[in-house]
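Protein chains: 4
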Amino acid sequence: MNIAIIGATGYGGVELLRFLQHHPHVHHCSLYSSSQDGIHFSESFPHVGEIEGAILQKIDVEQMADECEVVFFATPPGVSSTLAPTLIDKGVKVIDLSGDFRLKDRSVYEMWYKRQTASDHYLQQAVYGLTEWNKEDIQKAQLLSNPGCYPTAALLGLAPLVKERLIEEDSIIVDAKSGVSGAGRKASLNTHFSEVNENVKIYKVNSHQHIPEIEQMLKAWNERIQPITFSTHLIPMTRGIMATIYAKAKKELSLETLLDLYKTSYEDSKFVRVRKPGQFPATKEVYGSNYCDIGVAYDERTGRVTVVSVIDNLVKGAAGQAIQNLNVMMGWDEESGLMLAPIYP
Amino acid sequence: MNIAIIGATGYGGVELLRFLQHHPHVHHCSLYSSSQDGIHFSESFPHVGEIEGAILQKIDVEQMADECEVVFFATPPGVSSTLAPTLIDKGVKVIDLSGDFRLKDRSVYEMWYKRQTASDHYLQQAVYGLTEWNKEDIQKAQLLSNPGCYPTAALLGLAPLVKERLIEEDSIIVDAKSGVSGAGRKASLNTHFSEVNENVKIYKVNSHQHIPEIEQMLKAWNERIQPITFSTHLIPMTRGIMATIYAKAKKELSLETLLDLYKTSYEDSKFVRVRKPGQFPATKEVYGSNYCDIGVAYDERTGRVTVVSVIDNLVKGAAGQAIQNLNVMMGWDEESGLMLAPIYP
Amino acid sequence: MNIAIIGATGYGGVELLRFLQHHPHVHHCSLYSSSQDGIHFSESFPHVGEIEGAILQKIDVEQMADECEVVFFATPPGVSSTLAPTLIDKGVKVIDLSGDFRLKDRSVYEMWYKRQTASDHYLQQAVYGLTEWNKEDIQKAQLLSNPGCYPTAALLGLAPLVKERLIEEDSIIVDAKSGVSGAGRKASLNTHFSEVNENVKIYKVNSHQHIPEIEQMLKAWNERIQPITFSTHLIPMTRGIMATIYAKAKKELSLETLLDLYKTSYEDSKFVRVRKPGQFPATKEVYGSNYCDIGVAYDERTGRVTVVSVIDNLVKGAAGQAIQNLNVMMGWDEESGLMLAPIYP
Amino acid sequence: MNIAIIGATGYGGVELLRFLQHHPHVHHCSLYSSSQDGIHFSESFPHVGEIEGAILQKIDVEQMADECEVVFFATPPGVSSTLAPTLIDKGVKVIDLSGDFRLKDRSVYEMWYKRQTASDHYLQQAVYGLTEWNKEDIQKAQLLSNPGCYPTAALLGLAPLVKERLIEEDSIIVDAKSGVSGAGRKASLNTHFSEVNENVKIYKVNSHQHIPEIEQMLKAWNERIQPITFSTHLIPMTRGIMATIYAKAKKELSLETLLDLYKTSYEDSKFVRVRKPGQFPATKEVYGSNYCDIGVAYDERTGRVTVVSVIDNLVKGAAGQAIQNLNVMMGWDEESGLMLAPIYP
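Chains as they are written, first to last, in the UniProt record's numbering: chain S, 1 to 345; chain V, 1 to 345; chain U, 1 to 345; chain Y, 1 to 345.
Please note: incorrect hints may appear among the correct ones.
The list cannot tell twin chains apart, which means a pair is met if one copy fits it or any two copies do.
Said to hold, decoys possible - For lysine-lysine, the following DSBU-like pairs were computed, each having C-alpha atoms within a straight-line distance of at most 30 Å:
id, residue 1, residue 2
1, K114, K248
2, K263, K204
3, K251, K204
4, K163, K270
5, K248, K58
6, K276, K186
7, K263, K219
Read the hints as simulated data drawn from the structure, not as lab findings.
Hey, can you work out the whole structure from these sequences and the hints?
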């Protein structure tokens, strides 16, 4: 099968390529870049070496539609909402790693993103690709909206609690910590090594665009869920997200009950691993892999549940989950091309 | 004035020395170490160079009592509770950077620290050295118990809210992130570079010994305060603590009111700097200095206050605050020897 | 095929497992540990998850000989020289990642390692596994001595120059920079995060045990080679070695000639990639992979050649090259199980 | 005394301010910025807090000449060569941290910097501010050209060997490793955290503009010195330079002789510290301070001397040495305002 990657020279794009190069069902990737067309991919990323035919091409939607069955967008806001409709109309499958199709309500999108997005027609047919919980819809999707990195970590951690209605609906707080690669490859003072190293920063306090994305899914699971508090911190590391999640239990719980619930919820999910009592995952334990590792605690003193959910933001939080969704959409083994162990240390 | 440092070869000790070397009222520091007596300090720490008389001495309480007016303990649990009483009885002033004298209730200490501590007699006379809020008692103290690094960041961030009773008493959550130097200089797998770098870990979930220390002070300010949720994360950096604090407002607040309260609360405190609306401090902005920087947000969607409080764990969280307390105890300018600007970048 | 790993809980061991898990010709790995036998591997390394049968076993050479065709030693000095002879005598193939069998001359070993090693009988039959240059001998080896991390980077960078006798024999200087994982997983002050982070250190000046290993191979290629200067620096990163190599050209050279030589030397080597004129590799460009990337410069002002050679110390510098040697020893495709792309960023 | 800083919002500028704020002889610093005039300095650098009068001003040379006795340039190439002549002509003292006035020969400047610089008139009166070795000239200087960071580390390490003619004149190789802050505060892909972290890069191979600066000084000390090999590596840390220096001894030396020479050479230099036999400095041991620490080795096997010289690139390699030069120019104590101990860890 031929696939195309638009935005191949960003971190999401290069990570898609890392996995797709060894994917058993993908024969060829065409790489597109609006800024670097004409040059060989290895000029930007010498680590990939000499891949045959890896010349970056100018974005040409018509050509893509002729040559490829699936197109991945690993692009900044506003690109996929502009280009994807033509591809959709021509019958191409689209997997969008940007936020353009994630929010069903355009006014919510505009409020949080401060810009316009696609028309309702396309927004409504977009399927939200949180693979573990939306598999049926994903199987039928033509337009797949891949979740944000933070929402992936937060939602996989919250799902069992929210669906089972074990926690107070107005008590959810997510304190998230992310590596720097989540900010993309564009150079800025915020990603300057000397500003990030030996430093922890909070950013976009109460205003991160992933807040409505998380709430939309939580409300789909339990309509009573109230607005959440969600904070994002920049940590001096390249990869990894940890979401530390706090919520008040409706009634007294036991750690055993909680862990049973999580184990059961994810027993068929190859990529979600629940830790033993008293053990919690570190981000490095999923480094470079598609795993989401989860640890759970219950505190009798406060009646609060603490859930710790970690992912590699570029894999399960972006390229890996996108390929997982590709696998589901095509009816392939969900794990195809994704069974790489984390790199440790 | 002559002072002594016990535990001079730990990170707390070497940081005490960095500031005391240039302190206008301190003439000589005697350095004591149980493990390295007889060698010159610069053997362990070449960065200090040739300081005259910096031979590490064997711990001898009698000799100290003869030669020094003030003794600093920068030691592991159990040392100061054993040695300080003799010094106290001989009229020496003691400033203890360990946790031995922080909790007034011995049973609480034993539950969280899993060991015994000093007798009630000494516990009761120990003054808790959160300088900004306990100045009157500190002026009269002979035995000063210097706050823990996390409690310093958390309490300075919480004080105005709790004292003014603006928040629900059962709603406090503190999500804290710390650099590795907080774990001390002892080598262990937990501080191994290859295990810490490119990694975020949560540890001691719901069981950190700083929880009762924070709660003790909060209850002294407002007896209705309920048990808090307090989480600690290890971040791949050497210095710095950020406490991200969440609490539910009792009634609707405005950011303006909140910032006014914080500005007023700390207007006489040289070392606490409150940020402008919409601005939040990063740990690097206090690096190497005795500052605690604070930013505040109020979220109308959730009715929650978010407070971000950052310190250098080895300075305001340890050696710096200890010297600030020394200054207050001796009646000197509170800032003596401490007015070093943060190092940036 | 069944294989065994002795020293499975070190960084070399866990990296062997990462690659062997997906190796097409390896059916089962038995894991041995002298310090942690009886526990499941995932207790030490949660990132690997639930691998069936990954209980760490007590080292039992007889049992290994019965069950396994190949035994890997990823052990500290002195272990393989003690245990390997029995395995060899029983016909088992041994691949040793330690330095025990690398030096042919016992007195040289004793001078640099300050300890004794195996008897001459076994030393002489050991084949040095610098795969790209010793393939014929490796194919016939029963006892394979895997090169050190530094020697791998240095020798692959020097080989074409030395074999073609293009450089003055007394002019070789290798300035090497290594990540911390090269020091192993044992906790020590030298690997403490707070001591390594924001720091560069030189160590073992003129006394590193890899010096005789490099010289032995260089002299095998050109007996006139004189003692080299070789310096090792500890860099605040987990993985990666860069060897910056300096040597005086015997006569004027051109960059074109040099690059032709390198391209030709390695044209059949999948894992050695030579950069274009003016381009030099960074360690991150081989991260997690078995590649050795090389860049070359010639300076007309000084008449010196500069070669920059980078590897991942745990892969091409240890586990990866060991598996590459396994592949050659067994007559399999040299790349089997090793074609993972570097992780970037 | 009033001084001015042009380019106050770069890393050199902010570091000048850190030291000058506490300088006993400096009463007021005026801060100038071409890009951010009109805003308060703390908007760019919240860590400095509320300094009275720290509004960034538009560059106005006439005004500066009226108000200030000394002007520091911490600016990109081309600024000081344009603006300084007016100040010089008006009798203002100028200390230039850029490279504009470092090379006496304009054609050499143009070859290495690929741009034009000041006229011969000003180049010839500029005094090169390697304080330890040029003190007499510095005392009389009106235009002081502050050395580059790499040349400072390299020259302080080489001086005793070159002046005493102990080494072969064509044998000098300097392998330098630098933290990222040396590249300035401008955002670029080369300083992006995700590209720098877990990575070592070599850059400007055989073409760094500091090469002629080092050679010019070496030749002033010994006219027979031949072109040197000088390599620069980017290391994942914020501050610090290590220069590892290799040279062939003319005749057999002893470590004792060498160390005696270094100790004697620097016995009157407060800021150069020579290590004991067998000990070598790490960059962290001078962090945030004006020290240059030096270790020396002699290898009998190769007849080569290895010198390890470390500085904080922003202090002794920039702002600190500039203030040291200010002190000498004004006849003040050379250490005024500079006696801060390194921060460790």
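Hint by hint, here is what the structure shows:
Proximity of K114 and K248 under a CA criterion of 30 Å is satisfied inter-copy only: 28 Å between copies versus 33 Å inside one chain copy. Taking identical chains as interchangeable, the C-alpha atoms of K263 and K204 lie at most 30 Å apart only when they sit on different chains, with a minimum of 22 Å there against 34 Å within one chain. With identical chains, the CA atoms of K251 and K204 are at most 30 Å apart between copies only, with a shortest distance of 24 Å across copies and 33 Å within one. Proximity of K163 and K270 under a CA criterion of 30 Å is satisfied intra-copy only: 20 Å inside one chain copy versus 49 Å between copies.
For the identical chains of this complex, K248 and K58 are neighbours neither inside a copy (52 Å) nor across copies (46 Å), given an alpha-carbon limit of 30 Å. Taking the closest pair of Cα atoms, K276 and K186 come within 30 Å of each other only across two copies (25 Å); inside a single copy the shortest separation is 39 Å, beyond that limit. In this homomeric assembly, K263 and K219 come within 30 Å of each other (Cα to Cα) only inside a single copy, at 23 Å, whereas the closest approach across copies is 39 Å.
Violation of the numbered hints given earlier is confined to hint 5; every other hint is satisfied by the structure.
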